[in-house]
Amino acid sequence: MKIILILAALTLVACDDGCKMNEERCNGDVLEICSEENDWVTIYDCSDWEDVETGEPSGFVCCKAEDLLDCWLQEECE
Amino acid sequence: MKNHKEPTAQLVRAFSRHMLNYYDLEVVQKTDSAFMKLLAWFLNTIGVMDKKAFMENASTTIGNKIYLPFILGEASDKFPLTNQVSILTHECQHKVQRLKDSKAFYFRYLFSSAKRAAYEADAYRVNLELYFWYTGRLLKVSSIAQAIQKNYGCTSNDAAMAKTILERSARLVAEGLTVSKATKVAMAWIRENASDYER
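Protein sequences appear in the order of chains E and V.
Quick note: the first sequence uses the numbering used here, first residue 1, plus one each step.
Quick note: the second sequence uses the numbering used here, first residue 1, plus one each step.
Some hints could be false.
To give a feel for the contact side, a few chain E residues facing chain V, derived at Cβ under 8 Å [unchecked claim]: (1) T42; (2) I43; (3) W49.
Quick caveat, the hints were computed from the structure, so don't treat them as lab data.
Just so it is clear, CB atoms sit at the ideal spot from N, CA and C, and this is done for glycine as well.
Turn these sequences into a full structure, and let the hints guide you.
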């Protein structure tokens, strides 16, 4: 019985980690895409965005705006 | 057609010293390494990369060593000096990835073609950023994605994902933003020491 419960719990955890290929999400500051193997890989981290000319951090966060999940300025987030 | 200044051999050597020191890396010539010959055979066997292509065309970073198929600062048709700057920075980005993902990096890179495609797309972002920085033009993203599929044993779905990552990145690059940590280190050094190389 215990083994069945453990297996069920592990299955639930495994299902919870899965995702649909090409689906995108914000994971904190990180924009991620779901791979063919149904796990998340990083597209980029919005906190890494930096202005080339000045080297200053740009202050972007990951959110949905204009119907697109991406790095946006905080005030542009829905 | 080039509209940017080519780096000198001296500049490439100085740049290399800085990047290798910054990322605590050392260069080993690929042809001198028995380990690389063994790895070439292994990667060929598991279908990740052709043995000859691995030894003659690919640069590889493992641990604190970058195994190169060319000598830094010595230009050749296959590896002109401009490309050497990009290749070295690309390899430094793999060190950034390893520091971030610790030892899981090697397992993921070797045994998951999707993860490998994502790691390579992240590292090729360096090439996009540097190329745009010194030419004002974008590399063709679809060609890079195709190369990832062909040269790194990835599937067409992996390549499509890599293309998405690179397309997103290209849009940023065209807007004058840079993301890759290794690119930032490279640009900072070039700005300070070789500003005439900058577009």
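Self-check item: chain V contact restraint on I43(E) - CB to CB distance below 8 Å
Solution: 5 Å, holds
Quiz item: If you take the shortest Cβ to Cβ gap from T42(E) to chain V, is it below 8 Å?
Solution: Interface hint status for T42(E): holds (7 Å vs cutoff 8 Å).
Quiz item: Against chain V, with CB atoms and a cut of 8 Å, does the hint on W49(E) hold up?
Solution: Holds, about 5 Å.
When each numbered hint is compared with the structure, no violation occurs for any of them.
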